[in-house]
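Given chain A, work out where chain B should sit, using these hints.
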Amino acid sequence: EDKVVQSPLSLVVHEGDTVTLNCSYEVTNFRSLLWYKQEKKAPTFLFMLTSSGIEKKSGRLSSILDKKELFSILNITATQTGDSAVYLCAVARAGGTSYGKLTFGQGTILTVHP
Amino acid sequence: DTGVSQDPRHKITKRGQNVTFRCDPISEHNRLYWYRQTLGQGPEFLTYFQNEAQLEKSRLLSDRFSAERPKGSFSTLEIQRTEQGDSAMYLCASSSRDRTLIYGYTFGSGTRLTVV
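Those protein sequence lines, which keep their order, are chains A and B.
Numbers 1 to 114, taken from our numbering, label the letters of the first sequence in order.
Numbers 1 to 116, taken from our numbering, label the letters of the second sequence in order.
This is chain A alone, in the form it adopts within the complex (with noise of 0.2 Å):
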């Protein structure tokens, strides 16, 4: 059975801090891996990463992938107030009915203090 474990749980920093998020992962026939950001209601795309070791990047956030440690960081630098939400990683498999069927970890909670 896929797996996905994320650390830590929760995180608490203040306004400008940088922050790491871990994600781990077991999943027969891996696809690509996707981080999530879920402020109230619907998750919101962030990052889809197939290949090891090219970083994604959109404005402050980043992402890499380890295919070969099976294992992908979400980083987060200057954060803001708005930054505030639980993030979760999911993975893909590849090809038959399975596809695009996601996996998630449990999530991170990030709380951004001003």
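Read the hints as simulated data drawn from the structure, not as lab findings.
Glycine included, C-beta positions come from ideal geometry on N, C-alpha and C.
Just to be clear, a hint being listed does not mean it is correct.
Quick look at which bits of chain B chain A covers, simulated, 3 or more residues with Cβ under 8 Å [stated by the list, open to error]:
| # | region |
| --- | --- |
| 1 | 43-54 |
| 2 | 105-113 |
Simulated crosslink set (DSS-like; lysine-lysine; CA at most 25 Å straight-line) [said to hold, decoys possible]:
| # | chain 1 | residue 1 | chain 2 | residue 2 |
| --- | --- | --- | --- | --- |
| 3 | A | K40 | B | K71 |
| 4 | B | K11 | A | K40 |
| 5 | B | K14 | A | K41 |
| 6 | B | K57 | A | K41 |
| 7 | A | K67 | A | K40 |
With beta-carbon atoms standing in for the labels, derived distance ranges [as the list claims (entries may be wrong)]:
| # | chain 1 | residue 1 | chain 2 | residue 2 | range |
| --- | --- | --- | --- | --- | --- |
| 8 | A | A78 | B | S87 | 35 to 41 Å |
| 9 | B | G85 | A | A94 | 30 to 36 Å |
| 10 | B | N30 | A | V12 | 49 to 55 Å |
| 11 | A | K41 | B | K57 | 22 to 28 Å |
| 12 | A | E26 | B | D63 | 38 to 44 Å |
| 13 | A | N29 | B | Q84 | 34 to 40 Å |
Relative to chain A, chain B alone:
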């Protein structure tokens, strides 16, 4: 792109009652997924449609749960004889194959079910 729409947003029901939720995906998306999320956990996969065909169902989807997508557009998720353990957020998501390869998929805002 009007987004994925779910109805109702909240539902409170008594134990033993049946409930039905609706999901309207983004119109050009042929793939539709249902997930369930309980407090403090990530979403758990329930079932997946490609057009009108239900291609996969999780073991979490007991015989009290049924999902349909009769014309390959909107989908319904019905829970019969609800139990308190069914209390959760039910999330719907949609995608097209090409979009899934790049962006994952788009979630709706969910239906929060409370069974009392």
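Violations among the numbered hints, reported as their numbers in ascending order: Hints 3, 7, 10, 12 contradicted; others consistent.
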